[in-house]
Amino acid sequence: MNNPSEAIDQGRRGFMRSAAGVATVTLAPGVLLHTLANAASPGPTAGEPRAVQVTDQVRYGMLIDTTKCAEGCTACVSACDRENGLDLQTMPEGADPALWDRQEARWIRKVKVQDNLTGKVTNLPLMCQHCEHPPCVDVCPTGASFKRADGIVMVDRHLCIGCRYCMMACPYKARSFIHTNVEVKLTLAPRGKGCVESCNLCVHRRDNGQASTACADACAAAGHGAILFGDLKDPASPLSQALAKLPSRQLRENLALNTGVRYAGV
Amino acid sequence: MATALVTGGRVILGLAGALLALAVQAGGSNFVIPGSQAAKEQRCVEPTDFMRRNHMEVIKHQRDATVHDGIRSTKHSLAGCIACHVAQGPSGHPVPVNDDRQFCGACHEFAAVRLNCFDCHATVPAGGPLGPGGGAAPAPGVAPGTPLPPGHPQTTVR
Chain C
1 MNNPSEAIDQ
11 GRRGFMRSAA
21 GVATVTLAPG
31 VLLHTLANAA
41 SPGPTAGEPR
51 AVQVTDQVRY
61 GMLIDTTKCA
71 EGCTACVSAC
81 DRENGLDLQT
91 MPEGADPALW
101 DRQEARWIRK
111 VKVQDNLTGK
121 VTNLPLMCQH
131 CEHPPCVDVC
141 PTGASFKRAD
151 GIVMVDRHLC
161 IGCRYCMMAC
171 PYKARSFIHT
181 NVEVKLTLAP
191 RGKGCVESCN
201 LCVHRRDNGQ
211 ASTACADACA
221 AAGHGAILFG
231 DLKDPASPLS
241 QALAKLPSRQ
251 LRENLALNTG
261 VRYAGV
Chain U
1 MATALVTGGR
11 VILGLAGALL
21 ALAVQAGGSN
31 FVIPGSQAAK
41 EQRCVEPTDF
51 MRRNHMEVIK
61 HQRDATVHDG
71 IRSTKHSLAG
81 CIACHVAQGP
91 SGHPVPVNDD
101 RQFCGACHEF
111 AAVRLNCFDC
121 HATVPAGGPL
131 GPGGGAAPAP
141 GVAPGTPLPP
151 GHPQTTVR
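Chains C and U supply the protein sequences, listed in that same order.
Per the numbering used here, the very first residue in the first sequence carries number 1; after that it's consecutive.
Per the numbering used here, the very first residue in the second sequence carries number 1; after that it's consecutive.
A couple of the hints might just be wrong.
[Stated by the list, open to error] No farther apart than 16 Å at their CA atoms in a straight line, the calculated lysine to aspartate or glutamate pairs in the EDC-like style are these:
no.	chain 1	residue 1	chain 2	residue 2
1	C	147	U	69
2	C	173	C	101
3	U	75	U	46
4	U	75	C	48
5	C	147	U	64
6	C	193	U	119
7	C	147	C	56
[Said to hold, decoys possible] Beyond 10 Å from chain U on every Cβ pair, some chain C residues (computed):
no.	residue
8	117
9	179
10	222
11	258
Source of the hints: derived by calculation from the structure; they are not laboratory data.
C-beta: ideal position from N, C-alpha, C; glycine also.
My request is simple: use the sequences and hints to build the entire structure.
In structure tokens, the structure reads:
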């Protein structure tokens, strides 16, 4: 942060949070007990649907090693599409295919960047970066765009009015808008015209105690292993261990959003 | 004034409820579709009377619990309602629950209620509660390996 006046006033946020905390303790001591009880087991056990509220004992994130990301490979993108029913979208009749190509909802995009000076080419998957300070949440007029306690930034589509401010605010172009009626959908991925959506770190897998995301699994299965998913707050997690060893960066780190998705080799 | 309005609303709602209850009793049968899982079960997730009047509150509560707090273990999930109440058509394929002769659809048609939930939510169990890649234990009332919707790449490719 070069310009101190632009820094986020963490002290004020902290104050608000602790003030809220005090209120919680005095109004409902049960809540505090609840949190303590969760501390022992922050996540659901494998294969068991989650029965207790998510807590901030964990913060989910990813490390993407771009040196392992292969040019032309789209395994992560198609795995994400299949997992989240994005492959069930159909082009509306009579639509312009070029327009549809840009409008079709997509949670991961493969991006190729070239350093013009050195000619070095980098491939990387780009998805919601799950910021600690998400601009999409700041601008949302209805509270639909929110950050779950475990750090997952997502859209409550029951509250979303489709204004698309969040899409404009996102520095990563990570969000999509559903432009047309969706005929076929998966039970786990409801989807309909008029709402914004983006990567939710396979939230259904999180709530069922599974280890990884569809994209990370697919990348490993394709033999690249460029995507590592895990808990940023657990120092023993493979993710934290890798982050401690590999030099990594946040994309657009100048925005000080403290992203949950980090990139190595960029 | 506000109280008067609210009370007025209650009376109308109460009337609608009473009429509905009467209609159900007069019919001698209920809205449960023969051939659905529910037709084989003894009871709903809550007492039937309570469900008739309050199912919307139950689902909406579950909605916030799931989306914001990640709670997916409870029996009140919308996916669960659909899995248990969906009927099989002659071809063995599940019939959308919101069709106007099916469970949710028939009663809402009768009561002149219109929902937008099914603009987004699947009307038949599709892909299982954990989806294509998931494959862990299914939620209560959801048959393991529920078929994917027709046209889903996994149904055709594999």
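We went through each hint and held it up to the structure:
1. The straight-line distance between the Cα atoms of residue 147 of chain C and residue 69 of chain U is roughly 11 Å, inside the 16 Å bound, and the hint therefore holds.
2. The straight-line distance between the Cα atoms of residue 173 of chain C and residue 101 of chain C is roughly 15 Å, inside the 16 Å bound, and the hint therefore holds.
3. A hinted pair counts as satisfied when its Cα atoms are at most 16 Å apart, and residue 75 of chain U with residue 46 of chain U qualifies at roughly 9 Å.
4. Taking the CA atoms of residue 75 of chain U and residue 48 of chain C, the gap is near 14 Å; set against the 16 Å cutoff, the hint holds.
5. Between residue 147 of chain C and residue 64 of chain U the alpha-carbon distance is near 14 Å, which keeps this suggested pair within the 16 Å criterion.
6. Of the supplied pair hints, the one linking residue 193 of chain C and residue 119 of chain U holds, its CA atoms being roughly 8 Å apart against a limit of 16 Å.
7. Under the criterion of a C-alpha separation no larger than 16 Å, the hint pairing residue 147 of chain C with residue 56 of chain C is consistent with the structure, at around 11 Å.
8. With 10 Å as the threshold on Cβ separation, the claim that residue 117 of chain C sits away from chain U holds: the shortest Cβ distance comes to roughly 41 Å.
9. At roughly 13 Å from the closest C-beta of chain U, the C-beta of residue 179 of chain C stays outside 10 Å, upholding its exclusion from the interface.
10. The non-interface label for residue 222 of chain C is consistent with chain U: the shortest C-beta to C-beta separation is roughly 14 Å, beyond 10 Å.
11. No beta-carbon of chain U is positioned within 10 Å of the beta-carbon of residue 258 of chain C; the least distance is around 22 Å.
Of the numbered hints listed earlier, not one is contradicted by the structure.
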